[in-house]
Amino acid sequence: MQALITAPGSTAIVASVPIPQAGLNEIRIKVHSIALNPVDALYAITTQVDAPGRVIGSDIAGYIDQVGEGVPEGKWRIGDRVAGLLQGATSANPRPGGFATYAILEADLAIRIPNDVSFDEAATSPLCGLTAAQALYDRLRLPAPFLFPESKYKPSKDNAKPTLLIYSASTSLGLFTLELARLLRTPYGEPYSIIVTASPKHHEKMKALGADAVYDYNDSTWADRVKAEWPEGIDYAVDCISEGPTTGIISQLFNRRPDAEKRIAVIRSVAWDKDSVRNDVTPLYGAVWEGLGHDIVYNAPPHLRSLTVAFYGWLSAGHTSKTLKLPIAPNPVRLMPGGLERVLLDGFVLLGGGDMLSRTSAQREEEYMRPISGEKLVYRV
Numbered sequence: 447m448q449a450l451i452t453a454p455g456s457t458a459i460v461a462s463v464p465i466p467q468a469g470l471n472e473i474r475i476k477v478h479s480i481a482l483n484p485v486d487a488l489y490a491i492t493t494q495v496d497a498p499g500r501v502i503g504s505d506i507a508g509y510i511d512q513v514g515e516g517v518p519e520g521k522w523r524i525g526d527r528v529a530g531l532l533q534g535a536t537s538a539n540p541r542p543g544g545f546a547t548y549a550i551l552e553a554d555l556a557i558r559i560p561n562d563v564s565f566d567e568a569a570t571s572p573l574c575g576l577t578a579a580q581a582l583y584d585r586l587r588l589p590a591p592f593l594f595p596e597s598k599y600k601p602s603k604d605n606a607k608p609t610l611l612i613y614s615a616s617t618s619l620g621l622f623t624l625e626l627a628r629l630l631r632t633p634y635g636e637p638y639s640i641i642v643t644a645s646p647k648h649h650e651k652m653k654a655l656g657a658d659a660v661y662d663y664n665d666s667t668w669a670d671r672v673k674a675e676w677p678e679g680i681d682y683a684v685d686c687i688s689e690g691p692t693t694g695i696i697s698q699l700f701n702r703r704p705d706a707e708k709r710i711a712v713i714r715s716v717a718w719d720k721d722s723v724r725n726d727v728t729p730l731y732g733a734v735w736e737g738l739g740h741d742i743v744y745n746a747p748p749h750l751r752s753l754t755v756a757f758y759g760w761l762s763a764g765h766t767s768k769t770l771k772l773p774i775a776p777n778p779v780r781l782m783p784g785g786l787e788r789v790l791l792d793g794f795v796l797l798g799g800g801d802m803l804s805r806t807s808a809q810r811e812e813e814y815m816r817p818i819s820g821e822k823l824v825y826r827v
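Going by the working numbering, the sequence shown opens with residue 447, and the numbers climb by one from there.
What the hints contain is simulated information worked out from the structure, not anything from laboratory work. Incorrect hints may appear among the rest.
[To be verified] Straight-line alpha carbon distances no greater than 20 Å define the calculated DMTMM-like cross-link-like pairs of lysine to aspartate or glutamate that follow: (1) 673 <-> 726; (2) 673 <-> 662; (3) 521 <-> 554; (4) 653 <-> 625; (5) 607 <-> 596; (6) 708 <-> 726; (7) 720 <-> 741; (8) 521 <-> 511; (9) 673 <-> 625.
Between the sequences and the hints, there should be enough to build the whole structure, so can you do that?
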């Protein structure tokens, strides 16, 4: 089969590799669509991995063409449409990714795609959707809209309405975080107040998706405006950039209640300025791969795998609902031309080296090479 694999010299190539076989409790996917994330480009072209030949790629969607031993009878059948997440070529991880003709998923970590959702749309959901879920339900300890036995959520004894800030809500992660945030409810059924930042062209969309207030992060006074308009301060935050000054700026917006835990979910471990963070605010990092249950480079806490199973099961519930949609909207899709051979030449060029703040224009004339904003790059294999 054809696959995008790591190659000497911190690059990637399309090459022929053996077709994988579904093992115990696994299913094999004939991949139809792949969605790109900054981490795919980061590990493929800017980080020296231990060995060449590893299949790159995280987000996939396609149909099952082989069911392995041990999969409960009736759970999956050949032809079922699924999406999933793989830890492809990250750091020293030898497990293959998904940017290939075929890929292997664990049977309980696959998302069943509802009939009214395309492969292209479904491919946008596994990585950033799970990252948003981990941020809200694990690190910030907020209430999930699905059963999660290991939930750390503890209902407040008062009837205060919490305020959540999402920095850069028009990114792929930000959109999924906003979709999940608007489902948050207090024990009394009140929705949370949601503040977001985004570029002005996305402000109306942010409001339509449920944001109570939207600020332009390019405006140097945005944080001062939040302080003036939300004098009680924020209670929770998700920093969807987590680079340079972003986390420190957000930390200054928290409430001053001495008895309140003040948590920011960050998506990068070392890219933000730690010295600028307010002393009583705690940034909390977690890698999405921890939810896959394999202790390879990243830890694999059992409760995070349980969260993945519960969250992906909740996403799959749209398969039997009246709407036949996912319970949260997938990202808007920018369908890129070509297949695997164009990922490195076009998609990774647009993504840059994985650093969001320093991402620049690709300086290309093609319309599909315009800067990424509010959408996900998708290729068909």
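Each hint, compared with the structure:
{"no.": "1", "hint": "673 <-> 726", "result": "17 Å, holds"}
{"no.": "2", "hint": "673 <-> 662", "result": "14 Å, holds"}
{"no.": "3", "hint": "521 <-> 554", "result": "9 Å, holds"}
{"no.": "4", "hint": "653 <-> 625", "result": "12 Å, holds"}
{"no.": "5", "hint": "607 <-> 596", "result": "24 Å, violated"}
{"no.": "6", "hint": "708 <-> 726", "result": "7 Å, holds"}
{"no.": "7", "hint": "720 <-> 741", "result": "27 Å, violated"}
{"no.": "8", "hint": "521 <-> 511", "result": "14 Å, holds"}
{"no.": "9", "hint": "673 <-> 625", "result": "24 Å, violated"}
Going down the numbered hints, you'll see the structure goes against 5, 7 and 9, while the others check out.
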